[in-house]
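Fit chain W to the supplied structure of chain H, relying on the hints for placement.
Protein chains in written order, with numbering that gives the first Met the number 0: chain H, 0 to 269; chain W, 0 to 291.
Keep in mind that the hints were calculated from the coordinates and are not lab data. All C-beta atoms in this analysis are idealised placements derived from N, C-alpha and C, irrespective of residue type, glycine included. Among the hints, erroneous ones may be present.
[What the hints assert, rightly or not] Straight-line distance between alpha carbons at most 27 Å, and here's what the computed DSSO-like set of lysine-lysine pairs gives:
no.: 1; chain 1: H; residue 1: K212; chain 2: H; residue 2: K48
no.: 2; chain 1: W; residue 1: K260; chain 2: W; residue 2: K272
no.: 3; chain 1: H; residue 1: K239; chain 2: W; residue 2: K260
no.: 4; chain 1: W; residue 1: K235; chain 2: W; residue 2: K271
no.: 5; chain 1: W; residue 1: K260; chain 2: W; residue 2: K64
no.: 6; chain 1: W; residue 1: K103; chain 2: H; residue 2: K135
no.: 7; chain 1: W; residue 1: K235; chain 2: W; residue 2: K28
no.: 8; chain 1: H; residue 1: K262; chain 2: H; residue 2: K219
no.: 9; chain 1: H; residue 1: K239; chain 2: W; residue 2: K252
[Claimed, not checked] Pair by pair, the computed Cβ-Cβ distance ranges are:
no.: 10; chain 1: W; residue 1: K260; chain 2: H; residue 2: R170; range: 43 to 51 Å
no.: 11; chain 1: H; residue 1: S139; chain 2: W; residue 2: K260; range: 34 to 42 Å
no.: 12; chain 1: H; residue 1: E160; chain 2: W; residue 2: E265; range: 26 to 34 Å
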Amino acid sequence: MDHRPQNWGRPRDDVYGAYDGSYLQSSGPKQATQSPIVTGTSVIALKFKDGVVMAADNLASYGSLARFTDVPRLRSFAETSVIGFGGDVSDMQYLNRHLTDLSIDEAYAAPSSTDTTTSPGAGTLNAANLHKYLQKLLYSRRNNFDPLWNQILVAGLDSSEAPFLASVDMRGTAFTSPSLATGFGAALAQPIMRRYAETDEQAAQLSREEAVKIIKECMKVLYYRDARSLDKYSLAVVTKAGVEISEDEQLEQQSWAFAERIKGYGTQTV
Amino acid sequence: MTSIGTGYDLANSIFSPDGRNFQVEYAVKAVENGGTSIGIRCKDGVVLAVEKVITSKLLKPGANKRIATIDRHLGVVYSGMVPDGRHFVDRARDEARGWRETFKTPIGTADLASRMGGYLQAHTLYQYVRPFGVTAIIAGYDSELETPVEGEVGKGPSVGAGGKVAGKKHGGPFLYMIEPSGLYWGYYGAATGKGRQSAKAELEKLDLAGGELSLEQAVKEAARIIYVAHDDNKDKEFELEMSWISGADGPTKGRHEEVPKAIREEAERLAKKALEGDDEEEEKKDDEKMEE
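With the rest of the complex left out, here is chain H (with noise of 0.2 Å):
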């Protein structure tokens, strides 16, 4: 019997050698998060005339494992902006509780919102001061070397009331622009996008139909192309008359004929 407690409860020595200690104690600085354990693909979004289109699917994915399928990672805040999360699920659990104590502490004052003598969300933190927030947080978490390992789109209204979208990454970048895209979106939905609205005129142009159809379309090819994706996903508008997510979309008329001509795709072994 070993009478020192310390050893207590542990393999013994004299079997497995000495316990290595420096499992414990770590010798260097502070290590915080260095890489997202459960993550979430791309999220798209599309201004059109009168609001913006969003869209991510449902998974969260535990490396390459298909872990989680039905994972929305819209969120709506004070039910006149979207968010949209890419990166770690976990990160996008604790902003979203985050962000609801938020919008809990900002109706402390204000005014009712089915009031309709007041302007709609006034008094309350519109999309364009919510990406400010975010990017703020990101930012300062980021240069506290623990960042949140998030990419965010933010939709909703400015305070002139026209369509806002603005994104945001873990280190604090924040830029807008009239599509956004993150993760592998950027590289594969932008240019589609971009092809129906490269300017804020163009975005202007487009009808909300016409902006659900080329956000399907891009959900589409993300799913042909992208490997940490799934034909489940969420689909949000956001006008002024409010916010609407549906949280079970299906994408439709899938064809992979073209999978069979293409070497290393699908279960191919040749």
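Frame of chain H; chain W shown alone:
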């Protein structure tokens, strides 16, 4: 109060020989001087209303709200010392936030009432604090829908064990009133403040337990009751402030919100009309008596 001046009213935490805590009773007196506030629990929601006595003509009309939002689905109104009420609201918000942090789900109305009841009761036990000079009315609508646990991964099993009891009703509108002693009960209709006697009498006429009154009717009744309760002490002008909470399919979508201006003004118009009607009847009676 025969025991006044015997020293038993000087501090909390000391009972008088006949088993009373005088400090708590004095706190109730503070409440009895405050503007009337009421709450009505009806079949599809809850309404809160308060008679906001105008203490100065320099105050901006419609500003300085007296009804507070605690969480999305919770509201509080109180009568008595306003600063004590503000602290009550701050504490309630902390409790609601803490509950969300711990359980990842919104706090139930009953749970909030229990937490705040405990907090007020603790202020009757110690020398170094005084009891709250407010009676607060807590209104809430606990969601009947399957509420997702905030930030959950996936939606859980679609069949099988989910912790729900088959056939049991979950959620709905709730109303609680907490007194300075920490005592709280659930009510169909609650009233406190200066005009509570006449307000309670009016509330009892509504048959709230029958579950027939709709939210829209309750808003009109609430406005009328505040006007009736004010009628007894006509000396000062007042503003009516009202808020409501409906279920997810109602006008506020499960949220605690101020009653829209148009609806409130219509309710006030009807309330004034109802009062004038009463006055005319009384005058007629008086006239008849005179003739006799």
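| said: Holds or violated: W/K235 and W/K271, Cα atoms, limit 27 Å. | reply: 16 Å, holds
| request: Indicate whether the distance between the beta carbons of H/E160 and W/E265 respects the range 26 to 34 Å. | output: 29 Å, holds
| task | Kindly confirm whether 34 to 42 Å is satisfied by the beta carbon distance between H/S139 and W/K260. | result | 40 Å, holds
| Are the Cα positions of H/K212 and H/K48 separated by 27 Å at most? | Between H/K212 and H/K48 the Cα gap is close to 14 Å, so the pair holds against 27 Å.
| How does the Cβ-Cβ distance of W/K260 and H/R170 compare with 43 to 51 Å: does it lie in that range? | 46 Å, holds
| query | Hey, W/K235 versus W/K28, does the alpha-carbon distance stay inside 27 Å? | reply | 20 Å, holds
| said: Check the hint pairing H/K239 with W/K252 against an upper bound of 27 Å on the C-alpha distance. | reply: Roughly 18 Å between the alpha carbons, so the hint for H/K239 and W/K252 holds.
| message | Holds or violated: H/K239 and W/K260, Cα atoms, limit 27 Å. | response | 21 Å, holds
| Given the proposed pairing of W/K260 with W/K64, does the C-alpha separation stay at or below 27 Å? | The given pair, whose Cα atoms are some 14 Å apart, holds under the 27 Å limit.
| Holds or violated: are the alpha carbons of H/K262 and H/K219 at most 27 Å from each other? | 21 Å, holds
| request: Could you grab the alpha-carbon distance between W/K103 and H/K135 and see if it respects the 27 Å cut-off? | output: 25 Å, holds
| query | Is W/K260 close enough to W/K272, meaning Cα to Cα at most 27 Å? | reply | 18 Å, holds
Figure legend: structure checked against the earlier numbered hints; every hint is met.
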